[in-house]
Amino acid sequence: AQSVTQLGSHVSVSEGALVLLRCNYSSSVPPYLFWYVQYPNQGLQLLLKYTSAATLVKGINGFEAEFKKSETSFHLTKPSAHMSDAAEYFCAVSDRVGNNRKLIWGLGTSLAVNP
Amino acid sequence: NAGVTQTPKFQVLKTGQSMTLQCAQDMNHEYMSWYRQDPGMGLRLIHYSVGAGITDQGEVPNGYNVSRSTTEDFPLRLLSAAPSQTSVYFCASSRTGEGQFFGPGTRLTVL
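Chains as they are written, first to last, in this note's numbering: chain A, 1 to 115; chain B, 1001 to 1111.
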């Protein structure tokens, strides 16, 4: 069965510092992997996705993530945090088989950015 | 494109009442789903659909019904509301192989 673990339910960084949000997955088949962001009182927005092309995936707002099969990880990074990055971030995994596009979600990581 | 729209944005129900949460998308996506989001529990899948006329249960389907008569619409029905159904509900849609697009959510309170 697939699963997603996001290490750290709360992460706090200073403005301008590196952002690193961790995501580990388990999947019996090559996965699709996603990062989403949720701003307060809003729906989720896709940041980036991995679908077996390049292992380093670039997304919106300066975020990127690297798929590491050997480590079953898909950590999200941004070189320099901005105050506007404060939000909840979710990692998700989906299998590729058939029409079933169910996503398995991590519990989320709340990112705080301090001035 | 309007994307994924949800109505209403807010709703207060009394225990035992029924209601329908509306979801529509204008992107011709075959896959649609309903989630509930509760503090500390992430997103939990209620029901999903891989195309018009096809629906299936997610991990927390009890107390909810869905139907998919058209590609665009995927309403969620609460049959007899309970306080445990107080939550934020999100509808999402996607094309095969792509990430899901989410609606803005419906905040439901059941008294």
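You may find that some hints are simply not true.
[Said to hold, decoys possible] Computed Cβ-Cβ distance ranges for the label pairs, DEER-style:
hint: 1; chain 1: A; residue 1: Leu-107; chain 2: B; residue 2: Pro-1061; range: 33 to 43 Å
hint: 2; chain 1: B; residue 1: Lys-1014; chain 2: A; residue 2: Gly-62; range: 45 to 55 Å
hint: 3; chain 1: A; residue 1: Leu-20; chain 2: B; residue 2: Gly-1051; range: 30 to 40 Å
hint: 4; chain 1: A; residue 1: Leu-56; chain 2: B; residue 2: Pro-1008; range: 17 to 27 Å
hint: 5; chain 1: B; residue 1: Leu-1079; chain 2: A; residue 2: Glu-66; range: 40 to 50 Å
hint: 6; chain 1: A; residue 1: Ala-17; chain 2: B; residue 2: Gly-1053; range: 44 to 54 Å
[Unchecked claim] Here are some chain A residues the structure puts well away from chain B; computed CB gaps all over 12 Å:
hint: 7; residue: Ser-12
hint: 8; residue: Glu-15
hint: 9; residue: Gln-45
hint: 10; residue: Leu-48
hint: 11; residue: Thr-55
hint: 12; residue: Lys-58
hint: 13; residue: Thr-77
hint: 14; residue: Ser-84
hint: 15; residue: Glu-88
[Said to hold, decoys possible] Straight-line distance between alpha carbons at most 16 Å, and here's what the computed EDC-like set of lysine to aspartate or glutamate pairs gives:
hint: 16; chain 1: A; residue 1: Lys-102; chain 2: B; residue 2: Asp-1026
hint: 17; chain 1: A; residue 1: Lys-102; chain 2: B; residue 2: Glu-1098
hint: 18; chain 1: A; residue 1: Lys-102; chain 2: B; residue 2: Glu-1030
hint: 19; chain 1: A; residue 1: Lys-102; chain 2: B; residue 2: Asp-1056
Bear in mind the hints are in silico, worked out from the structure with no lab data behind them.
Heads up, the beta-carbon is just placed ideally off N, CA and C, and yes, glycines get one too.
Evaluation of the provided hints:
no.: 1; hint: A/Leu-107 to B/Pro-1061: 33 to 43 Å; verdict: 20 Å, violated
no.: 2; hint: B/Lys-1014 to A/Gly-62: 45 to 55 Å; verdict: 46 Å, holds
no.: 3; hint: A/Leu-20 to B/Gly-1051: 30 to 40 Å; verdict: 39 Å, holds
no.: 4; hint: A/Leu-56 to B/Pro-1008: 17 to 27 Å; verdict: 42 Å, violated
no.: 5; hint: B/Leu-1079 to A/Glu-66: 40 to 50 Å; verdict: 45 Å, holds
no.: 6; hint: A/Ala-17 to B/Gly-1053: 44 to 54 Å; verdict: 51 Å, holds
no.: 7; hint: Ser-12; verdict: 18 Å, holds
no.: 8; hint: Glu-15; verdict: 27 Å, holds
no.: 9; hint: Gln-45; verdict: 7 Å, violated
no.: 10; hint: Leu-48; verdict: 8 Å, violated
no.: 11; hint: Thr-55; verdict: 17 Å, holds
no.: 12; hint: Lys-58; verdict: 14 Å, holds
no.: 13; hint: Thr-77; verdict: 19 Å, holds
no.: 14; hint: Ser-84; verdict: 19 Å, holds
no.: 15; hint: Glu-88; verdict: 10 Å, violated
no.: 16; hint: A/Lys-102 to B/Asp-1026; verdict: 20 Å, violated
no.: 17; hint: A/Lys-102 to B/Glu-1098; verdict: 12 Å, holds
no.: 18; hint: A/Lys-102 to B/Glu-1030; verdict: 13 Å, holds
no.: 19; hint: A/Lys-102 to B/Asp-1056; verdict: 11 Å, holds
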